[in-house]
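S.K.: Please take these sequences and the hints and turn them into a complete structure.
Chains as they are written, first to last, in the working numbering: chain Y, 7 to 249; chain X, 5 to 314.
Hints in this document: simulated from the structure, not taken from any laboratory.
Wrong hints could be hidden among the right ones.
What the hints assert, rightly or not - Here's a subset of chain Y near chain X, in silico, CB distances under 7 Å, partners left out: (1) K20; (2) E21; (3) T91; (4) H165; (5) S181; (6) R245; (7) I247.
Computed from a prediction, not measured in an experiment: that's the story for all the values here.
Every residue, glycine too, gets a C-beta built ideally from N, C-alpha and C.
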Amino acid sequence: MMHDVLTVFWKEGKEILEMNGPRGGFIRLLIWFGVFGVFLPLELGEAWLSSPAALLLWVWFPIFVVANTTAGTVAGEREHHTLETLLASRLPDRAVLFGKVWAAVAYGWLLTLGSIVMGVITVNLVMPGAFRFPAPLLAAGGPLLSLLAAITAAGIGVHVSLYAPTVRQAQQTLSLATLLLFLVPTFGAQALPSGMRARLAAAVSDLPAGRAVVAAAFVLAFLDAILLAAAAARFRRERLILD
Amino acid sequence: MTEAAIKTTDLTKEFRGLRAVDGLDLEVPRGIVFGFLGPNGAGKTTTIRLLLGLIAPTAGRAEVLGFDTRTEACEIRARVGALLEHDGLYERLSAEDNLEFYARIWRLPPQARRDRIKEILTHFGLWERRRERTGALSRGMKRKLAVARAVLHRPPLVFLDEPTSGLDPVAAASLREDLRSLAEREGATVFLTTHNLDEAEKICALVGVIHKGRLLAVGSPEELKARGGERLEIAGRGLDERVAALLSARNEVLAITREEGRLTLDLRPGADQAPLVRAMVEAGVEVEEVRKTRASLEEVFLALVEEERR
Ligand SMILES: Nc1ncnc2c1ncn2[C@@H]1O[C@H](COP(=O)(O)OP(=O)(O)OP(=O)(O)O)[C@@H](O)[C@H]1O
Ligand SMILES: [Mg+2]
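M.R.: Given below as structure tokens:
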């Protein structure tokens, strides 16, 4: 089983890197690191190394990349008619699923880790004095939470792409889902009576940062377990081939 | 192993009321090239998908290499190779990487993988272009690569859905030669679909004709052609309307065509032609040449499909 997962992982990795041709892939990386490894850290400055806001940002990084990549890989194989041939091979359903999920997660997470490290270097380059490391909370919480968030995004991506006949449709559904993810909390909070809103804000800001990270990690891990288990249950040959 | 490579019993698949495969009873012995013939929409591709266990039958059952397609599809897929109606190639990856991926899927060890990929790409004339994106290859090259992928791991049974579509005549002939030697030398069973009757006649030991999901006939190309009866081509003087009318009135003559000094008679299977020639001579025809030919597989095929349509 592990061998089969790695086989699919190998293929997905190659495909992700060749997504826009060899040069396209390089340009994409350049833009990504330019924005998230140089531009944003310069804007945030010191906050990049110490503020919980930076942590939130890091967790958001992988979500779009991973959700889109995963959705693209299942719906993409259907759209390009490679799925049926793949399913006619000896690969178990789960190997196909997890090979795809782990490849997308690895890609999104590595991009995030790269951006974090690059950001730290950028901030240090423009700030005089001794080299500053990120706060321990960020150094530990960043990689952990972004990994868990990447898995969540992959899980959602798989579910969306399971019934989307084309990549475009899968990605449209995903954009809608992420939009809702932003809008619901924003408008939801505004709809609350002002007294309650103030109390909620106070409760959130009073929460010790360390404990908040641990709580977030638990929630995400729980969500990931559910999403992956559901994906494994739904990702079946009979369902993948839309008759 | 004496059991058949493929055996289906009353295999049926309906798509929203449409019977794509209708009560198929078929047995394909091991070690031969079997040709599945039928017009567009006959149910050939659907049959292959059923045999691979990719879709479930509405009724009936099928066994492939002794395994049930409903309950043991994994066992089947672990043993066969398949080229489906689409090439199924990853266009962003190189030709080499496409094969590498499937070689890993089939768990060929690294050295064997490299050797086999080199061997097969060279054989299909694609070795020089192995590094290019598959999307940049021509239609026929892609088809060849897809065939290469299907037989990469030397499966004992291979399904090929229109393997020669898009190939030039030379490439098609050489692929046919490969498939025949696969069956003869390596004892593999080849199940292929085609519209090309010439192709079926050349390489298939057994042919099945399917139309609207129903199996119309199974047999060797020779047997099927024998069913079509014989054809008599007569050249001579005095082959006029009167003679044509005289002959077409006879029971053993199915059809008759006349063109400047020649008559072509399609005979009922098993018909004796001597009395016909005698009747012509008695009617005053000076017969110069009588040539007997078999109906081609194509004619038999068209006749079978036509018969079914009526
Ligand atoms: N997934 C599907 N949903 C609905 N109908 C289908 C589906 N697949 C096939 N059919 C129908 O079943 C019939 C048989 O199709 P099939 O693809 O098996 O034909 P075929 O013999 O392979 O034809 P061709 O020579 O054109 O490839 C057709 O009428 C087709 O429209
Ligand atoms: Mg077909």
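S.K.: Have a go at the E21/Y hint: is there a Cβ in chain X nearer than 7 Å to its own Cβ?
M.R.: Holds - the Cβ of E21/Y comes within 7 Å of chain X, reaching about 6 Å at its closest.
S.K.: Per the CB criterion, is S181/Y less than 7 Å away from chain X?
M.R.: At 23 Å from the nearest chain X Cβ, S181/Y fails the 7 Å test, so the hint is violated.
S.K.: Less than 7 Å between beta-carbons is the criterion; does I247/Y satisfy it with respect to chain X?
M.R.: holds (6 Å)
S.K.: Does the closest beta carbon of chain X sit nearer than 7 Å to the beta carbon of R245/Y?
M.R.: At about 11 Å, which exceeds the 7 Å cut-off, the nearest Cβ of chain X leaves the hint on R245/Y violated.
S.K.: Hint H165/Y vs chain X: min CB-CB distance below 7 Å?
M.R.: For H165/Y, the interface hint is violated, since the closest Cβ of chain X sits about 22 Å away, which is over 7 Å.
S.K.: A closest beta-carbon separation below 7 Å is what the hint needs, so does K20/Y meet it against chain X?
M.R.: Because about 6 Å separates K20/Y from the closest Cβ in chain X, which is inside the 7 Å limit, the hint holds.
S.K.: The hint names T91/Y as touching chain X; please verify it with the least Cβ-Cβ distance against 7 Å.
M.R.: holds (3 Å)
Violation of the numbered hints given earlier is confined to hints 4, 5, 6; the remaining hints are satisfied by the structure.
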